[in-house]
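**Student:** Spelled out from the first residue to the last, the chains are:
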Amino acid sequence: MNNKVPLKLTVNGGTFDIEVEPRWLLSDVLRHQLGLVGTHVGCEQGACGACTVLIDGKPERSCLTFAIQVEGQQITTVEGLTQDENLTPLQEAFSEHHALQCGYCTPGMLLTATALLQQDPHPSELKVREAISGNVCRCTGYQFIVDAILAASGNAKEDQR
Amino acid sequence: MTEQAMRPQFMGARVKRVEDPRLLTGQARYLDDIDVPGMLEVAFVRSPYPSARITGMDLNAVKSAPGVRAVLTFDDCPILLWQKDTYQVGQPVLAHNEVRYVGEPVVAVVAEDRYQAEDAAELAVVHYESMEPVLDMEQSIAELPRRVHADASNVFYHKEYTTQGFAEAFAQASHHLTATFRTTRQTAVTMEPRGTAAMPDPASGRMTVYASTQSPHRIRGDLAELLGWPENQIRVIVPEVGGGFGMKANTYPEDVVVVWAARHLGKPVKWVSDRTESLLSDVHARDDIHEVEVAYQEDGRIIAIRDHLMADGGAYPAYPFSGAVGETSLASRVLTGPYQIPFIETVIDCTYSNKTPLGAYRGVWGPIASFVQEGIVDRVARSLGQDPAEVRRINMIRPDQFPFRNAAGMIYDAGSYGESMEEALRLIGYKDFRDRQSVLRAQGRYRGIGISVFVEPTAMASSEAGSVGYESVFIRVEPTGKVTAAMGLGPTGQGHETTMAQLIADQVGVNLEDVVILHGDTDSAPFGGGTGGSRSGPIGGGAALVAGREMRQRLVKLASHLLEAAEEDIELGHGQAWVAGVPDRAITIRQLAEIAYTHVKRIPPGMPIGLELVARYQPQQSVSFSNGTHIAEVEVDPVTGLVQVLNYVVVNDCGRLINPLIVEGQIHGGVAQGIGSAFLESLQYGSDGQLLTTSLSDYLLPEATDVPRITTKHLVTPSAGEGGIKGMGEGSLIGAPAALVGAVSDALAPFHVMVDRLPVTPDDVIEWVTSRV
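Quick note, the sequences are listed as chains A and B, same order.
For the first sequence, position 90 (counting from the first letter as 1) is numbered 90 according to full-length UniProt numbering, and the numbering increases by one without interruption.
For the second sequence, position 214 (counting from the first letter as 1) is numbered 214 according to full-length UniProt numbering, and the numbering increases by one without interruption.
Honestly, the hints are just simulated from the structure, not real lab data.
Quick caveat, the model's predicted, so the values are computed rather than measured.
We treat Cβ as the ideally placed atom computed from N, Cα and C, and that holds for glycine.
Check the hints yourself; a few may be wrong.
To be verified - Simulated pairs of lysine-lysine, DSS-like, Cα-Cα distance not exceeding 27 angstroms:
| no. | chain 1 | residue 1 | chain 2 | residue 2 |
| --- | --- | --- | --- | --- |
| 1 | B | Lys601 | B | Lys16 |
| 2 | A | Lys4 | B | Lys713 |
| 3 | A | Lys4 | B | Lys482 |
| 4 | B | Lys159 | B | Lys16 |
| 5 | A | Lys58 | A | Lys127 |
To be verified - From chain B, some residues computed to sit far from chain A (all C-beta separations above 12 angstroms):
| no. | residue |
| --- | --- |
| 6 | Arg17 |
| 7 | Leu24 |
| 8 | Arg114 |
| 9 | Thr694 |
Said to hold, decoys possible - Ranges of calculated distance between the beta carbons of each label pair, as one might list FRET restraints:
| no. | chain 1 | residue 1 | chain 2 | residue 2 | range |
| --- | --- | --- | --- | --- | --- |
| 10 | B | Arg405 | A | Asp120 | 55 to 61 angstroms |
| 11 | A | Phe16 | B | Gln621 | 39 to 45 angstroms |
| 12 | B | Glu160 | A | Leu126 | 30 to 36 angstroms |
| 13 | B | Ala203 | A | Gly154 | 55 to 61 angstroms |
| 14 | A | Ala156 | B | Pro479 | 43 to 49 angstroms |
| 15 | B | Gly266 | A | Ala156 | 53 to 59 angstroms |
| 16 | B | Ser687 | A | Leu126 | 38 to 44 angstroms |
| 17 | B | Pro479 | A | Gly154 | 45 to 51 angstroms |
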């Protein structure tokens, strides 16, 4: 099982020439070949959303994608959200609203929410909940995540406690 | 200025967490992110049978598969969890002659990477001779169809308790009812699966173990004992942990195998669970039956409860504590909850079966006992035609009764039981609810309200994680005036780096960003009990306060000498010490530290060089009770059987709050888990003993659209312990399931439904409404 093939991956604006086995998952290649361990693996069954990355701007499960499937496409991981030292407004809102506890689902949640806000800058609470319903969080009960996303969109809920 | 400095600046504040930036930018390092050159990876061959004899193995193909470095069986690694004397059974870390549950590790394959390890594991041939599995709890008590362990009774824990005078009081009551309550197996499902990595250091001969655990010192002790190594040869490092919820408080067979393999191969070795393995082999929880008889009076006063508590502990007691014993023994002692029910009689039976071992999941006994306790109150109310809130009022422990000794002898410190319920009723709009309910019922819509008034014993002398009733803090003011403190806690998302820093910063008089909390490294932390049983806030926080105060005294003494003022006149805050009323006579903490470490001739006689100390804190009370009330409003669709949670209110009292933001996050998360417990989560075994729910498409977790907006309010009844802090990590999951299924019972009252199980599925609802019209 050592039939590696060359692959040119575009991740967070950079290009990587690597060799992969065709069966290697994008999540494994990002994590173990490129060292981008901010992409987390929660179920390898596509159910939990922890491994979510953006492929050409759309949130996708990197655990259900082979690395060789995405040659030539733009991949964004959580490491690519922060271009400088500071947090993005969405990341800042997550901290401000205590939208994370153990942090394991957080990268996938941020990427899903980033795509949502790009597509709909002012979503309703219901739309936010539907958008993140494919990302399971076991710690927060989602309320503060929803608050953070709404705050980043400028649609902050009044008296939310 | 004086007054301002004396007041806590950080305790009680909604402080943003210091953990967040690394977690938000993908820079945190969890167990699977640890990778070193030459690291090998493990895949386990697991039992496909619930009960079978191993008659032979052919592992030659595995051994010659590409990349394989070692193939291990029990013969290579003959280690038993439990010394045989505790429960008469010792769980082999790899199955020995016999398998006793589906998912039990049988063979460990160590290869150059996980893909190769799994490829090779598929080539293993293990010959089994299947035996009839033990799957039913009540049959197991009768040793049917057979014993799980030939040399041990299926009942591995039996206990009885009776309040004096029970029989007379029970007989004399005017009303009696019976009910059976069942909970189906559930499990914690941390988003980060379990994992272990071990790295031998050839230079020192020591072993570094990376463990995704809640209890760093306990797992070090367990490994030392099981492997027969001196514990100072093992360093446990806990990296970022992606959730624990009690499930990561155990030492598991895989942990031992990984460490053993690293030592014997002389290489770093890692294993990370995949999700199917997690659902098969993480400890399960909540497999209980309560057979209850209740005696009560015409006015709603509950006089006595008799309960036969049964729990299916699985094939082995989880190491080193059995969840079945934890779920039943404490449930039996707090079964009367916040009510002054004077008499109780309990019988506990914990049994073996051919299922995954039962361990801890957040709340352990609590969600079950609250479900039983509130189910009893609701049944009494309905049988008498009384308002459920009114029956709770009649039975509630009154404020003048604290400290209250309950029917099982537990002592409750002061709480806000009645007040929390009244406040929650007000917030949910209970006064108008019955009118709204009857209007909707006339339209064929079924709404209901469920009330759950809970008690949460916290900071107990021992808990699932805590082998000890105290906690320790090593604190050092560095030569530059920055503060470093190390603790033996095992946070899994609770934000201890923030909350413990808040407490210490106030005491030492520095800013929050000047305090760094270290945890999860047995080389830096003093011995501690880890995180679990809602102990880190009250006991760990108490230790942080004591350590901070002792360091403060040290700084005051030094400042008083240098500023030539009496110690009682020295104030400390904002990074400096000054003489009260004379703010110009001041010295910075940085200057004090510099003197303490380098200009040591200026230290007063009798004071030690440097600024470091270890402090320990053990609460005087053996337990402190948090309390609160959850009220859920739901609508049940009798056609689809689906339950929608419309409104949810929590009034919570955990004493003094360290950080309300974090407390509310804990509450929201527990309520969401309660929605899972009440309506979604169920580990289903087939009649052949196969676990059928081995993916997250089968074992359903609450999603953002399943959880309503939760209204929370805090009441504050301080504990007598340090800082007035009570624990609160579990209360939200203790209270929630009872409120949620109570609301279903209320909604379906026209169908005479009283929920008797967790979870309630759409099929259950449809069956109830169609069979009882």
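**Student:** Below or equal to 27 angstroms on CA atoms is what counts here, so check Lys601/B against Lys16/B.
**Tutor:** violated (41 angstroms)
**Student:** Holds or violated: the 53 to 59 angstroms window for the beta-carbon distance between Gly266/B and Ala156/A?
**Tutor:** At 57 angstroms between Cβs, range holds.
**Student:** Do Pro479/B and Gly154/A keep their Cβ atoms within the hinted range of 45 to 51 angstroms?
**Tutor:** For Pro479/B and Gly154/A the Cβ distance comes to about 47 angstroms; the hint holds.
**Student:** When you check the alpha-carbon spacing of Lys4/A and Lys482/B, does it fall within 27 angstroms?
**Tutor:** violated (51 angstroms)
**Student:** Need the status of pair Lys58/A, Lys127/A: alpha-carbon distance at most 27 angstroms?
**Tutor:** Satisfied, since the Cα-Cα distance of roughly 16 angstroms is no more than 27 angstroms.
**Student:** Quick one: are Phe16/A and Gln621/B within 39 to 45 angstroms, going by C-beta?
**Tutor:** violated (59 angstroms)
**Student:** Please test the hint of 55 to 61 angstroms on the beta carbon pair from Ala203/B and Gly154/A.
**Tutor:** holds (56 angstroms)
**Student:** Please check whether the beta-carbon of Arg114/B is more than 12 angstroms away from every beta-carbon in chain A.
**Tutor:** violated (8 angstroms)
**Student:** Can you confirm whether the C-alpha distance between Lys4/A and Lys713/B stays at or below 27 angstroms?
**Tutor:** violated (58 angstroms)
**Student:** Hint says 55 to 61 angstroms; check whether the CB-CB distance for Arg405/B and Asp120/A agrees.
**Tutor:** For Arg405/B and Asp120/A the Cβ distance comes to about 58 angstroms; the hint holds.
**Student:** Do Ser687/B and Leu126/A keep their Cβ atoms within the hinted range of 38 to 44 angstroms?
**Tutor:** holds (42 angstroms)
**Student:** Given the hint of 43 to 49 angstroms, check if Ala156/A and Pro479/B actually sit that far apart at their C-beta atoms.
**Tutor:** holds (44 angstroms)
The structure does not agree with the numbered hints 1, 2, 3, 4, 6, 7, 8, 9, 11 and 12 stated previously, though it agrees with the rest.
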